[in-house]
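Work out the full structure: start from the sequences and follow the hints.
So the sequence shown is numbered by UniProt numbering: it starts at 1 and just counts up by one.
Please keep in mind that the hints were generated in silico from the structure rather than gathered at the bench.
Treat each hint with caution, since some may be false.
[Unchecked claim] Here are the computed lysine to any residue pairs in the SDA-like style, where the Cα-Cα straight-line distance is at most 20 Å:
hint, residue 1, residue 2
1, Lys196, Glu163
2, Lys79, Leu8
3, Lys262, His289
4, Lys294, Asp312
5, Lys19, Asp105
6, Lys75, Ser20
7, Lys234, Gly18
8, Lys242, Ile321
9, Lys246, Ile321
10, Lys46, Phe228
11, Lys185, Gly106
12, Lys16, Lys46
13, Lys181, Val322
14, Lys211, Val237
15, Lys189, Arg223
16, Lys117, Asp105
17, Lys185, Thr131
18, Lys262, Tyr298
19, Lys292, Gly259
20, Lys292, Val322
21, Lys47, Gly229
22, Lys81, Met1
23, Lys79, Arg223
24, Lys81, Ile171
25, Lys241, Val167
26, Lys241, Asn219
27, Lys272, Val237
28, Lys272, Arg254
29, Lys196, Asp166
30, Lys6, Val82
31, Lys233, Val218
32, Lys272, Ser250
[Stated by the list, open to error] Label pairs and their in silico Cβ distance ranges:
hint, residue 1, residue 2, range
33, Ser24, Arg254, 39 to 49 Å
34, Met1, Phe257, 54 to 64 Å
35, Phe290, His227, 44 to 54 Å
36, Leu11, Lys262, 45 to 55 Å
37, Ser20, Leu183, 27 to 37 Å
We put the beta carbon where it would ideally sit given N, CA and C, even for glycine.
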Amino acid sequence: MIYQQKDLHILDEIIKPGKSAELSFNVAHLHTRTPVDVPVIIERSKKPGPTILFTAGIHGDEVNGIEIVRQLISKGINKPKVGTTICIPVLNIFGFINMEREFPDGRDLNRVFPGIKNGSLASRVAHTLVTEIIPEVDFIVDFHTGGAFRFNAPQIRIAPGNEDDDVMAEIFGAPFILYSKNLNKSFRKTCNELGKPILLFEGGKSFHIDKTVTNTGVNGAKRILNHFGMLRKKYNVSEPKKACIKILDSKWQRASFSGMFKANVDLGQYIKEGDTIGNITDPYGKFNHFVKAKHDGYVFNINESPIVYQGDALFHISTGIVK
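Structural data, given as structure tokens:
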């Protein structure tokens with residue numbers, strides 16, 4: 001594709017080639033009347049190239065994704081050799097302030113896209129992102145983490161059936177690629193409907209920063225930038241340690257009993273049907289249930305809560321992979 005380096009019109013501002021800018025959009029104040037802005041960090045090269053958007057913090061408690069985008073900015077990785085990068089480290093700034101997943105109105109930002117101009121608080125943020133920023137970008141990487149004590153192995157999630165997405169997911173180089181349908185009113189589905197290619201990265205768990213996960217995210221972002229010719233020579237691009245494992249189908253294995261829970265397998269480990277993969281006990285030393293694997297597969301999500309209830313999701317295990 002041939003790119004033309006022209007003025008970037010975004011959020012009522014004009015950013016010329018070779019310039020940097022830190023903009024923000026504000027949709028509401030706190031109840032104290034304190035303004036809350038969503039920072040948008042833009043870096044432009046003088047040379048023409050694509051515009052890549054890095055986002056995180058759609059859910060306010062997913063700090064691991066926020067840390068990845070923060071590192072891209074603090075290390076200068078977002079300063080492109082050609083083209084433009086846009087970084088939004090915290091989309092749900094309201095949730096981040098309170099360390100909560102949702103907005104103050106109780107809505108999940110990732111379930112209200114494309115949003116409404118005069119809708120709910122979350123819907124207004126979604127609408128601003130979709131109408132003011134997304135039209136200007138060529139490719140998007142959206143960083144997430146697992147919720148409710150569930151720790152995700154680093155993975156890229158894409159919808160099945162798109163060869164271009166397959167290629168970009170492999171370039172990113174996360175240990176797993178999970179094929180999953182686009183959820184209704186999600187950011188990913190909206191971008192796809194607008195013809196904007198997007199990779200959704202999952203890794204780690206809420207309220208937690210994990211070095212392995214952040215390194216995977218940062219390295220993946222560098223590979224994407226390098227693929228588009230945007231990464232400056234001062235940054236090294238490492239090859240993934242292993243080939244990506246592509247998961248076509250998966251199942252959650254749930255708790256048969258309530259109690260104190262401990263997993264005894266590692267993320268990314270391949271297990272066999274009948275293997276002991278965890279224990280559920282009581283506080284009094286009278287009950288000990290061995291959790292047995294119900295089928296072969298890779299474990300790519302583990303519940304790290306010390307207390308579980310009957311029916312809680314314990315392990316996310318692949319049931320079908322691309323060989």
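Going back to the hint list, which numbers does this structure go against? 5, 15, 20 and 27
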